[in-house]
Every structure is written in structure tokens, then in C-alpha cells.
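A.B. asks: Chain A is already provided as a structure; the job is to place chains B, C and D on it using the hints.
Given next are the chains, with one letter for each unit.
There are 4 protein chains.
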Amino acid sequence: MIIVLRPDATDEQIAHIKEKLEGLGLTIHVSKGKERTVLGAIGDERILQEQPLEAYPGVEKVVPVLKPYKLASREFHSEDTIININGASFGDKKIQVIAGPCAVENREMLLAIAKDIKEEGVCFIRGGAFKPRTSPYTFQGLGLEGLKYLAEVREKTGLNVVTELMDPRDLEMVYEYTDVIQIGARNMQNFRLLTEVGGYDKPVILKRGLSATIKEFLMSAEYIMSKGNQKVIMCERGIRTFETSTRNTLDLSAVPVLKQLTHLPVIVDPSHGVGKWSLVTPMARAAVAAGADGILVEIHPNPENALSDGEQSLKIPVFKEMMRQIRLIAGAIGREI
Amino acid sequence: MIIVLRPDATDEQIAHIKEKLEGLGLTIHVSKGKERTVLGAIGDERILQEQPLEAYPGVEKVVPVLKPYKLASREFHSEDTIININGASFGDKKIQVIAGPCAVENREMLLAIAKDIKEEGVCFIRGGAFKPRTSPYTFQGLGLEGLKYLAEVREKTGLNVVTELMDPRDLEMVYEYTDVIQIGARNMQNFRLLTEVGGYDKPVILKRGLSATIKEFLMSAEYIMSKGNQKVIMCERGIRTFETSTRNTLDLSAVPVLKQLTHLPVIVDPSHGVGKWSLVTPMARAAVAAGADGILVEIHPNPENALSDGEQSLKIPVFKEMMRQIRLIAGAIGREI
Amino acid sequence: MIIVLRPDATDEQIAHIKEKLEGLGLTIHVSKGKERTVLGAIGDERILQEQPLEAYPGVEKVVPVLKPYKLASREFHSEDTIININGASFGDKKIQVIAGPCAVENREMLLAIAKDIKEEGVCFIRGGAFKPRTSPYTFQGLGLEGLKYLAEVREKTGLNVVTELMDPRDLEMVYEYTDVIQIGARNMQNFRLLTEVGGYDKPVILKRGLSATIKEFLMSAEYIMSKGNQKVIMCERGIRTFETSTRNTLDLSAVPVLKQLTHLPVIVDPSHGVGKWSLVTPMARAAVAAGADGILVEIHPNPENALSDGEQSLKIPVFKEMMRQIRLIAGAIGREI
Amino acid sequence: MIIVLRPDATDEQIAHIKEKLEGLGLTIHVSKGKERTVLGAIGDERILQEQPLEAYPGVEKVVPVLKPYKLASREFHSEDTIININGASFGDKKIQVIAGPCAVENREMLLAIAKDIKEEGVCFIRGGAFKPRTSPYTFQGLGLEGLKYLAEVREKTGLNVVTELMDPRDLEMVYEYTDVIQIGARNMQNFRLLTEVGGYDKPVILKRGLSATIKEFLMSAEYIMSKGNQKVIMCERGIRTFETSTRNTLDLSAVPVLKQLTHLPVIVDPSHGVGKWSLVTPMARAAVAAGADGILVEIHPNPENALSDGEQSLKIPVFKEMMRQIRLIAGAIGREI
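Residue numbers (my numbering), protein chains in the order written: chain A, 14 to 350; chain B, 14 to 350; chain C, 14 to 350; chain D, 14 to 350.
Careful, some of the hints might be misleading.
Same chains, same names: a pair is fine if it fits in one copy or spans any two.
[Said to hold, decoys possible] In the DSS-like style, the derived pairs of lysine-lysine whose C-alpha atoms are separated by at most 27 Å in a straight line are:
#1 LYS169 <-> LYS131
#2 LYS215 <-> LYS83
#3 LYS45 <-> LYS289
#4 LYS107 <-> LYS74
#5 LYS106 <-> LYS333
#6 LYS328 <-> LYS169
#7 LYS169 <-> LYS228
#8 LYS215 <-> LYS128
#9 LYS161 <-> LYS106
#10 LYS161 <-> LYS215
#11 LYS328 <-> LYS131
#12 LYS328 <-> LYS240
#13 LYS128 <-> LYS328
#14 LYS106 <-> LYS228
#15 LYS47 <-> LYS161
#16 LYS169 <-> LYS33
#17 LYS31 <-> LYS169
#18 LYS31 <-> LYS74
#19 LYS106 <-> LYS128
#20 LYS107 <-> LYS128
#21 LYS106 <-> LYS289
#22 LYS333 <-> LYS169
Please keep in mind that the hints were generated in silico from the structure rather than gathered at the bench. Model, not experiment: these values are computed from the prediction.
Next up, chain A with everything else stripped away, as it sits in the complex (with noise of 0.2 Å):
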């Protein structure tokens, strides 16, 4: 942690600092400059995080010089984690692909598109049970009913099922029909459905919040895996901006930054980050060619009469012709789907 003072601090503000970290068991240098005097502090910075240093007098500003997260980062975990699921791996070579509709609407839907997405190859469906929506007003997804849906599809094709929780009272309902649970952009930071996840041993998809930065990203991460759940699978699903004419902003450059700094694997959701199934598949492709380690999509067969994301949903052609695409892409960087 390093301390940059006021240029009028004075030597009792400087002392009175410096005994208070000693105090914490950290050995202090102390810098002094022709415009300022700076202070370093040495020891184990994470117990520095719960000390509000720009409150004492004389402080400038603050600067840490470790990361806040541990277990979540390249250095304490250098080799590249891969997450199995039944056979099928995040983090290795094969790159991954998560297809469904956003949300579960009924049982022959939810059949004729995993037959679809068994064709293609692809080892995982998704499909919202509960959604969190914008408005009261809307479909709130079907609930228990849509869960078991997606058990009988898991079931009849041997689709590893991803689906959304979002509150801790369902944690147990959705943990016994689902492969992988994931956590929304809008709970993130809702801190104790991560705590309660963390305590289970289901691979989760922690999808980034509309306006994390990645630093806070990987404290959601960090959350999970300090309750003991090492298999997070951070996923890319655009952030916000001023821009309007997607939804959000893709933020494909959190690809190559998230692998640098953790050993996590790293998805991207192409279908929330831009908002209109046209926009999807070059960013698809772009997505693959970025790095990730898998890519989430939404599809319908009928997007018109989807109950939910039906702007941004790849029909079925579509979708197959986006596969065939993202593969070559695969192949060129080494990688297969």
C-alpha cells in the first residue's frame, strides 16, 4: 500500500499514521520528496482494505499495490483452470457452446430446439426459469415447472442444463436440476446470492454487471470461491454506455484482460452484450477470435413469439450457419468447437 501525503502534512499527521499501521503489524517506509512525502507500507496489504486511510488527516490518497482478490488470480493459481461438466471442459481447447432460449415457455419448445443444438455438437443448453425482468408486467418465467422441463430434456438428449437463480430460497430446487447455475448481470453484487453458491460444489456462470469494472468482476469471483466453490466460469456480457444503437456495449477487450489476470475460464454472451439477433454472429465470431473460452447464445425457433429477448434471438438457421462460422474461426487460432 503506498500513502501519498498532502504536500501540508505535517510530521504529527506523518507519525500518527505511521504508528497506527505499525500498530497492524506493517513495516513502514517513509519517502520523503521535494513535493511530497510518501509512505510505504509493507506486510500483508488485505487487512489494510477494512482501514479508511483517506480519512486521516494529512492523506492524499491512497494507492494498493496488490490486487484485492486472491483466489481468483493468476498468481495465486497459475495454470489455467479447466472446469469439467460431465465430459465437456471450460478452459480447454475445445471452446464451448451454450444455446437455448432465454426463457423456458414450454416442454415441446424446449425439446425441438435441444434436438437443434444436438446436431450442432453443442453440449449445453440454457433456458431462464426464473427471470429477472425489468417490468412487473412481463412473464416472470414458469418456475419449478420450467425446471423440470429442463431435466427432461437433460434426461432425453444428455444436454448439460445451464439455468438462472435468482434468490437464495431456490438455491436447492435449482441445484437438483441443473449442471450449471448462473448468476445474472443484475446480481453480481447481490452478495449473499454468491455466498450461498459458494457453498455448493455446482460450476457457476457469474455473468459481469452492467457497469462492474473487471477488478469488481473478479471480487464476485473471489466471493464465491472464498465460500469454498472453486468452478466459476466468468462470463462477458456487454456493458453499459452511452451508446444506443445496442443494447449494451460488448466488451470484448475483458476476454484478453480476464486471462491475464485469472485462471478462470472466460465466456462471452454475444446476444446481451449487442441486443439484435443480426448483430450476433459477427460478434460471435469476433468473441472466438478474442479468446473465450465458450460463448453463450439465445435462440428460438419462432423468435416473434418468444416471451422474452426475442430481438436478439438467433432463429434456428441462423444459429447453424453462426456455428459453422465460429468454427472456422476456431480452427484458424488453434482451437475447435
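C.D. replies: Relative to chain A, chains B, C and D alone:
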């Protein structure tokens, strides 16, 4: 709802959309311009919210005419809502101040603060028993113990208690010990939590999310109101921008904008808005001048020792000086504190 | 300058950086912690601004200790700068109001407005002769003709004239006809324009760029001051965010932040900040309460016919009511208008 | 143009607006719904751009139906524009690479780089002779001397030269020495500069502003085109967000969005987009995969000694490896480099 068609939209596409919308009970006006055809759908626009119209072939963009919220809107309820809490009102001539520590740290500190703020005529004490912290390694709040200290303060001083709810499972417990439930910025779109507090009769302070638009903010109020609880107090607390010299950017224009759009009371939290104690007083003055119905402010007898948010907490004498200044501003605009 | 090294930085890399920086005349302190080595460079930090230290092998991040601006900083010049323009001062007890139409449209309208604002005790009239418009097909200003009308108004009323400069080629012409040169938000980083106005002795109102940080804003002031012209007035006018209910988000916390960082006067333009006339008065009140040294406001006798920015222009009676209200706020904080 | 009226709009207000718009030659459709009246104005919408309709009493909001740009739009010009520069084309099957140092630093370095990139089949060298720097105390470019070095390189190698223009007063000089004029991000809305380059026949690379929307970006292209110069190449180079782990957030979805909206070629600058050399190659791959017509990249033989942007400059071997990788991606999507 206005539907702007693409320049290459075919007659079949137009007929298809028209048929679909008429099937929903709407009347459709077709307006053919030289460069674009525009459809106007007349009827209950809220049933259109479920329709993914942008997924229809031939559609370029869809423009809603009505606001997506109703109960929260001033159109539906033109007079200011006044929320009376044991004799202290939000939305009236008097501007309410809510003051207290970020987190309840111990009994003595809370009692001391309560005495200080009561001397200033403040009617509400705040303090978190459950703290949403970005790091799993920092202080998470005293939980039930903290709630009990708050209840003791209420009994001894008559102050009303404001505290945050993070988890639907804690609702009954929090309900018992508090006068106003706070929903934090990170939970503004925790729709399950909104739904739960909507089922109770306790007033709710709803904080604006870090990157929420005012429309989304009002939709979250609508969530609560649609379940029955009409006592919602809107709280602007800063939005995330690229500016780093403040913790957030306090959007004070949200105050007059909300006053135009909704009948609900609007308060401002300058402490989280700026994140530095030395900026809190000028922004509290500005919030009152902008028309806020209340100010939510963090104070601490000794910010250096605060377990959270010490940087932005006012010392007691600074708080008293802030009170003096905002009283003068309130007087200048015909209100009182 | 603090240089945080990567955990895998080698001794050779450290020696290389040390040698390079010592060669620039700096003293280097090496501080080895358990997890990171940190270098502190002591000496004239500004010569380090040219060094791409993050391009050196072994460097993780570089943290400047000093601010990159000097002449504009309060450290360099601790007392408030007062800029006197023909007897009217910015930065003093009196809060100056600058009012007028967005664009100079014709002679009569300008004379009428001048009369109206003079009655309110205003000392500055604004009006654009050159207009930066986002569309090439809209009104671009009257040019020299507009400048002449402004000069006539000055002669007839004694009002000081504020007008925008867009192009270095117009500087001599604008210089002759105006008392204060305005640099618009879109030109805040037009470094050639800043350099040019820095070479003259005319006061400059520098508007904050749409997405400029406060540090960048002050660096642009430094550009002007480094060429000799110390008469710079900083103007907050709203920054771009994702919020769409206002044209921009007026960042009023910029007022107290700037007051801490710089000795220059700080004014606020609520008209561009919000973009809707009905929000201008509350935000003008808030700006005064936050500590602004002046208010820049757009008015128009008949906004329906305005050639630009009609939506945000105040009609004369609304303007007069705004003046009444901000005078009361000014009085409440011990200032005057 | 659609005009949504307030629920309390009076018949007089409606009649007034109708009369005004009919006076402009438009046909008005009035559509009365239960909750709102909506006016549709049919005719040349561009004349409405000058009307401050939101300033009219009774108006709630105004929704344009047509895009505000014309010459740049794909509707006006449906086929891809191909810009041929001495035999090398933008907008064709071949993806062009433009490489070189941020600033021209000296003659030898430029000649060495030219040799390196020519070996890779690159047809365009970039290098700034005039540099827009945020600090007045840093290297501002060699000016005319730099232009002469660029011209010498062109003569010796046959490479086309791309260089930035910052000031209309330099246009004739820059015109003489360059093949493509670059307008930098900070000048995207320097309307005078746009107007000037619009009057010449030299191709222009227009960089997206730091916080420009795609609509504004296209309006700036329209500025140039409306003066006669149709040879505009759009360049995405990252937008400003709250994310700090990259210099900017490269908005790759801008590529397919622009390809839908305009016929102009679209290129990507990953160097400024991310600001760190180690992230440039994956983002260059992603840009090609997203459909970019070109890549603009900063390289330097020895980034440690670069006079600007060393952190983001690729060393020559890294550049060569990037070329190898993007060639494979180009092949996978049926293009070539």
C-alpha cells in the same frame, strides 16, 4: 406504440404486423411517408411490452408512447405523495435528514450518535446491520445484534430507524426492528427483494442503482408498488461515470426530473454520491437547493476507526455545520429542516 | 512516481529501470515487499511524463505522485484567482450571471435581450456568432455580422460580451469584438486552439468536454496558461452518461472538486447540462448552493423560433424568476448576485 | 417525425403545432389514443431538424423517423464504397493494415519501420508529425520535418502515407505530403476541420470520438461528405467507459453496426482501443473476425524509447506474429490480408 418500418419493408410484412397487433386488440394506423411507413398502435400499450416487435421482419425500430410504469407516475397520481412515519413526513414542506454511521459497529457509538443528531432536530437514524461489501474479506455487519442496538436507540430516543435489507430471508427480522427499510443501490434490480418488500406495509427507501437510468429506477419502484406497498421514497446516490475524482457522480438533475415524473418523495445521499467527506456539505446544500425532500448522510464520531466508509463520513462538528448551512438553504426556498 | 513491479520481475529488469531513471536525474528507492517490489522515483516528476514506463519489461503499473498540471493547481497558487473584466469579477464574493441566446440571430433580438438582462443586474451577455452544430445542414451562425451586433450591444448597454471561438483563423477577429472568449466543450482538447488563446490576454471561459475528466479539464487550462494567459474561467456544463432523460448529466460535484484543486474561478452552465428549460432553474439554484462563481444560461424571447437550443432556453419571465431564486440562495451562503 | 403530446395538451396547443408544421410544407396526421395524442409529420424531415419542437407547449417528446445523415447512409448509397489509394483499396475483399509509430521521431527509425512493414505486405505507413497531447509539456511532433520524412519513405518504398491533421491552417502542407489524412478522435467534432477536409479530394480516416455515439460519428462523416469529399474511412478506436484496465473500451460491435448503416469502409485501431501492447493482437484478431476492412496499429522498434504511446506499441517481432494470426482469421472468413 409507434413502429417505424424499414425502407424495404414489403406489403406482406406490413400486413403481417398489422394482423398480429390487431389480434391483440389494438387499432392500427398506417402512415405512409415518402421514405418510411410508420404504424401507430392505439390501445393498451402495456400489453405490447411483451411483444418482441423488433424481431418482426420489416421493423426498423419501435418507439413506446407511454411510460412503462403506472402506479409510480405523476399521470396516474398527480398530487405529491406524503409518507408519514410516526409523525415525521417525507414529501412535505419539511426536509427530513437521515443521519448515522455506515454500519452499526457497537452499542455505545450508536447511542452517542443518536444523542448528537437528536440535538439537531433530526428524526431518523441510519445504520447498517447487514452490509453489502465488495470484498468477502471485510466487515459484513453485526446482523441481528446490530438490529437490536438500533431498536434500543429507537426506544431511548424516539428516533425512527432506517436500515438496509439485503436478503428476502431477513425480511421478517428487519421488519420488526426498523421503521424504514432501505434497498441498496446494488439491489435496485434484485426483483425478488423488491417483490417481497412490496408485500409489506413498511416504508421503503429505494436507492438508485450505480448505472440505472431514471426510467429503470421508476420501474423498480413500480415493482414494489405493484405488490401493494405504495410507500416508496426514491434516493439518488450517484451514478457511475468515467470521473475518478469522486466515488460516483451525484446526478442532482435526477431530483427535478423525478419530481416531474413521479409523485413519490425524492431524497439524496451525498455521502455515497461523492465518497469524500470534504465534498459532502456543498453537495448537501446543492441537493436541498435542487428540491430534494430529504438528505441521507453518513456520520461517525471518529472516521479513522470506522469499519466502513470512513472516508466519506462526517465528524460530528462537521455534521452540525452542514445542518446549519442546509437550514439556511431550505429557508431560502421556502422550506424548513 | 511509484513504479509497481510484476511479481516475476527479474533483478536485471529492476536494475535496467533503475539505471534508466537515474540517468534522468532521479533518485530511486527500492522497496521489496513479500509479494511485490516497488520503486519510488524522487525528483522532478514532470520529466517522467515523457517516459513510457509501462513499456518496460517487469513493470506492472505506474502511479504518479504529483498532478500533471502546475500553473492551474492550488498548490502552485494557493489564493483564489479573481478575474476582473471591466469592473465585473469572477472568483469574488459576487456570483456573475452570463445570459443570452444560444446564437446571435439578429440585431433586434439581441438588443431586446440585452435590455432585459441589464434590468436584472447582469453584467455579461452571451451569444454565438460561430456555432458548432452536429449537423452540417443546420444554422452555423452569422459570423462577423453576429460579432458586430454583439459589439453594438456592448457599446449601447455596457454589457460585457462572451462569444465562442471555434477556429484559430478567427481569433484576431473575435478578439476585437469580445470581452471573454469561450472555448466550447467539443474544443476542450483542440490543443491548437488552446495554444492560440494562450498567447493573448483576453479572459477565456473553458468548457468541460463531454467526457473529460476533471484532470483532463485542468490540463486544458494548463495548456492555455502555459502560453502566458492566466485568465481562465472553468465551466462545468454536463458530462455524457447513459441517462437519457437529460441532455447531459450536470456534474455539480465538479464545483467543490475544482475549488479544491485549482485557484481558478468555476462557473456552471445548467442550460447545456440538462437540455430542458424546465430543469434549468432548480439546477441553477443547486449550482449556486454548490459554490459556483457564476452561472451561464441560455435565454430567448421566443424559444419556439430559436435557431438553436430552443428546448433549453428560458423565456424572459422564467429567467427573471430564476434570478430571484438564485439571489436568495446566494444570500443564504453569504454571497450575492 | 413523430410528436408525442403531453396528456394535458390542449386543442389550442395541438392546433398551433399543426399550423406551424403545415406552414413548413409538411402533412400532419393526428392520432388520438386514450392516453396520448400523437402527431405524425410527413414530408422532408430534415427541415424539421431546425425546429425546436420540444420548446412548444404541449409537446412531451419528439421522435425522428429518418436518420439525420444522408450521404453517409446505406439507404442513399446501398453498395459498399471502395476507396482506392494508388492501387490499395479499403472496403474490398482485402483487409488493409496501416502500421507505424505513434509519432515520427526521426528519419532512420521511420525508414527502418517502413522496411519491416513492407516485408509483411503492408501498403500503408502511419506516423504523426503533429501530435495532440493532453499535456503542453510533452513532445508535440516534428511538424514539417516529420512530413518530409514521411514523404521520403513514400518515395523510397512506395508505401502510402497516413498522417494526422490537427489545424485547418496546416491543411495545404499536409495535403502535399500525405496520401490519407487522419482526423483524430479529439477532433471528430472539430467542425471547421471537417469542413476543410471536405473541400479536398484526399481520402480521410475519421476516428470516432472518445464519447461519440455511432450516430454522431456518421454525422461527422456527413460533414465531410456534404462539402464534396466522399472518400471517408470510419475508424473505431475505443470509447470511454468506467473500465480502467484498458485505456478505452474498444467497441467492436460498432463494426457490424456501421456496416449496416453506412456504405463507407470501417477500420479498427486496437492500439488506442486498449492502450497496452499485450492486448493488441487478440483485439486485432477480433476486429478482423467482426468484419473490419482494415487495422491501424502502432509499432515501434524500441517502445521503451518511444516519444509517445510506448505502452501500446508493438515491437517488430510481435507485429509480425500479429500479422500471421490475423491472416489466418481473414482466411477463415473468406478475406485476405
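A.B. asks: Now tell me, hint by hint, if it's right for this structure.
C.D. replies: Each hint tested on the structure:
1. Within a single copy, LYS169 and LYS131 get their C-alpha atoms as close as 11 Å, which meets the 27 Å cut-off; across copies the closest is 57 Å, which misses it.
2. Only within a single protomer do LYS215 and LYS83 lie at most 27 Å apart by alpha-carbon distance; the minimum there is 21 Å, versus 40 Å between protomers.
3. In this assembly of identical chains, LYS45 and LYS289 lie within 27 Å of each other by CA distance solely across copies; the values are 26 Å between and 56 Å within a copy.
4. Proximity of LYS107 and LYS74 under a CA criterion of 27 Å is satisfied in neither setting, with 45 Å inside one chain copy and 33 Å between copies.
5. Proximity of LYS106 and LYS333 under a CA criterion of 27 Å is satisfied in both settings, with 21 Å inside one chain copy and 24 Å between copies.
6. Only within a single protomer do LYS328 and LYS169 lie at most 27 Å apart by alpha-carbon distance; the minimum there is 23 Å, versus 53 Å between protomers.
7. Proximity of LYS169 and LYS228 under a CA criterion of 27 Å is satisfied in neither setting, with 40 Å inside one chain copy and 43 Å between copies.
8. Taking the shortest alpha-carbon separations for LYS215 and LYS128, only the intra-copy value of 25 Å comes in at or below 27 Å, while the best inter-copy value is 49 Å.
9. Proximity of LYS161 and LYS106 under a CA criterion of 27 Å is satisfied in neither setting, with 32 Å inside one chain copy and 49 Å between copies.
10. Taking identical chains as interchangeable, the C-alpha atoms of LYS161 and LYS215 lie at most 27 Å apart only when both belong to the same chain, with a minimum of 18 Å there against 36 Å between chains.
11. When the C-alpha separation of LYS328 and LYS131 is checked against a cutoff of 27 Å, the pair qualifies only within one copy, where the shortest distance is 15 Å, while the shortest distance between copies is 44 Å.
12. Proximity of LYS328 and LYS240 under a CA criterion of 27 Å is satisfied in neither setting, with 40 Å inside one chain copy and 36 Å between copies.
13. With identical chains, the CA atoms of LYS128 and LYS328 are at most 27 Å apart within one copy only, with a shortest distance of 14 Å there and 49 Å across copies.
14. Only within a single protomer do LYS106 and LYS228 lie at most 27 Å apart by alpha-carbon distance; the minimum there is 26 Å, versus 39 Å between protomers.
15. Taking CA atoms no more than 27 Å apart as the test, LYS47 paired with LYS161 passes in neither setting, with 70 Å inside one copy and 42 Å between copies.
16. With identical chains, the CA atoms of LYS169 and LYS33 are never at most 27 Å apart, being 63 Å at best within one copy and 35 Å at best between copies.
17. In the homo-oligomer, the alpha carbons of LYS31 and LYS169 never lie at most 27 Å apart, since the shortest distance is 66 Å inside one protomer and 40 Å across protomers.
18. For a Cα distance limit of 27 Å, the shortest separation of LYS31 from LYS74 qualifies both inside one copy, at 15 Å, and across copies, at 25 Å.
19. In this assembly of identical chains, the alpha carbons of LYS106 and LYS128 lie at most 27 Å apart only when taken from the same copy (25 Å versus 37 Å across copies).
20. In the homo-oligomer, the alpha carbons of LYS107 and LYS128 lie at most 27 Å apart inside one protomer (21 Å), although the nearest pairing across protomers, at 39 Å, exceeds that limit.
21. For the identical chains of this complex, LYS106 and LYS289 are inter-copy neighbours only, at 26 Å across copies versus 29 Å inside a copy, given an alpha-carbon limit of 27 Å.
22. Taking the closest pair of Cα atoms, LYS333 and LYS169 come within 27 Å of each other only inside a single copy of the chain (22 Å); across copies the shortest separation is 49 Å, beyond that limit.
Of the numbered hints stated above, those contradicted by the structure are hints 4, 7, 9, 12, 15, 16 and 17, listed in ascending order.
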